[in-house]
Amino acid sequence: MIQELDADAVVEYFRGKNILITGSTGFLGKVLVEKILRVQPYVKKLFLLVRALDDGFAKQRIQTEVTGNKIFGILKEKYELFEHIDIIVNGAATTNFFERYDVAFDSKVLGAKHVCKFAKNCAKLKMLVHVSTAYVFGEQEGLQLEKPFLMGQTLKGGTHVDIESELKLIQDTWRELKENCSSEGAEKKTMKELGLKRAREFGWPNTYVFTKAMGEMLLGHLRGELPVVIFRPSIITSILKEPLPGWTEGVRQTLSFFLADLDSIMDVIPGDIVVNAMMVTMAAHSKEHAQTIYHLTSSLRNPANYSLLADSFHRYFLHNPPSSTKNGKPMRLKRMHFFSTVTRFQVYMAVKYKLPLQILHLANIALCGVLSRRYKELNRKYNYIMLLIELYAPYTLYKGCFDDMNTERLRMRMKKKEQDKNGACHFYFDPKSIDWGDYFYRIHIPGAIKYLTN
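Each position in the sequence shown, counted from 1, maps to that position plus 132 in our numbering.
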């Protein structure tokens with residue numbers, strides 16, 4: 133157990149450190165890189181691992197997608213990193229819930245394996261931080277503890293997942309597709325469906341959380357004496373305080389309806405809170421030969437229900453109505469439709485959209501295909517919305533909550549008097565400090581409008 137921490141001690145910890153970060157082009161990765169550089173300009177080096185065709189394209193990605201600072205460069209073994217790396221942050225992963233199984237397995241399962249192997253060769257390594265997700269628990273209800281997944285553990289009774297067998301299944305499927313000269317589209321479809329099938333066979337709702345769980349298993353199984361911290365954030369939202377309140381990245385999708393029980397709890401956590409906790413953890417557990425798991429969540433400490441989000445949206449647009457593109461007058465706003473069950477949503481979609489689509493299909497047949505393009509376009513949109521609902525329902529209708537006792541102990545170690553010149557604690561990560569109504573109305577919603585829309 134370490135002594136009490138303060139902001140200065142955490143900042144000083146990063147002085148002179150060499151840090152390898154995967155996933156630096158993602159939302160959380162950018163917030164982490166910016167924070168380290170801002171609070172500790174005397175960090176020795178940041179090595180940012182990115183996917184790229186060559187060195188030039190890698191540098192271009194860093195400059196355009198991260199900070200633009202020339203101190204960054206692509207990771208290569210010619211730099212003899214084994215001798216220099218102090219900290220590794222593994223945040224690389226595709227966040228597509230309906231990803232190809234081979235792609236998801238490669239980035240989240242084999243990726244964790246390769247990072248672990250690399251870490252074992254780093255003579256000076258003090259910490260390996262792995263970013264997972266709180267939703268590795270799938271759709272399990274009740275209180276979910278900060279405990280590791282054991283090798284082969286699943287969420288469905290009577291089953292056992294063998295990671296080597298899953299890899300062989302992927303390889304065999306890929307080989308069969310190539311032998312049959314399958315098109316790129318057919319290959320993509322097959323791999324996506326395979327991932328979803330395997331995930332559900334073992335109790336997970338989608339490929340994303342299934343492969344995240346397997347990545348955790350491998351890391352715990354292979355780490356040996358490596359000091360490892362696994363972070364499981366819930367749904368990460370826009371920045372609360374610094375460096376830019378409201379800044380976010382993500383899917384640019386506008387819907388007039390939402391699948392959520394207004395009385396149920398949503399578990400969201402601002403990105404800067406996650407990064408602050410990660411940095412404190414690196415200082416707190418440096419050189420400890422153990423594995424610790426932290427939940428960065430809000431459902432237990434400071435729960436907010438979906439009705440608060442809905443009211444915040446309505447209130448914001450009532451006070452800030454968007455202008456019509458035709459005449460410049462404020463648009464008349466309607467409240468979003470909220471559906472508390474998948475069945476209710478399916479009935480709504482069947483009456484409002486599926487039935488008109490079937491009528492359009494019959495009309496197209498009667499008119500010898502004149503309406504084919506229109507029918508295909510609308511049918512594609514309908515199927516896409518239904519897929520989105522299927523993939524996101526386990527999160528918007530989630531009935532569990534996440535224990536964060538380990539995270540609370542970490543918060544208790546931080547001196548509360550430490551504040552910067554602006555009066556805001558450098559490394560705040562207590563969800564109790566968030567006024568959700570104010571955050572949604574004043575920060576998150578205007579931030580989403582500014583950064584996620586044209």
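Just so you know, these hints were derived from the structure itself, not from any lab.
Small disclaimer: the values here were computed from a predicted structure and weren't measured.
Mixed in with the good hints, there may be bad ones.
[As the list claims (entries may be wrong)] So the derived label-pair ranges between C-beta atoms look like this:
#1 Ser396 x Leu520: 16 to 22 Å
#2 Leu277 x Arg506: 28 to 34 Å
#3 Ile581 x Glu215: 45 to 51 Å
#4 Tyr524 x Lys564: 25 to 31 Å
[Unchecked claim] When the alpha-carbon atoms are kept at most 27 Å apart in a straight line, the in silico BS3-like pairs for lysine-lysine are as follows:
#5 Lys508 x Lys531
#6 Lys310 x Lys288
#7 Lys176 x Lys531
#8 Lys162 x Lys177
#9 Lys177 x Lys324
In this text, a Cβ means the ideal position worked out from N, Cα and C, and glycines have one as well.
Violations among the numbered hints, reported as their numbers in ascending order: Result: hints 2, 5, 6, 7, 9 break, sorted rising.
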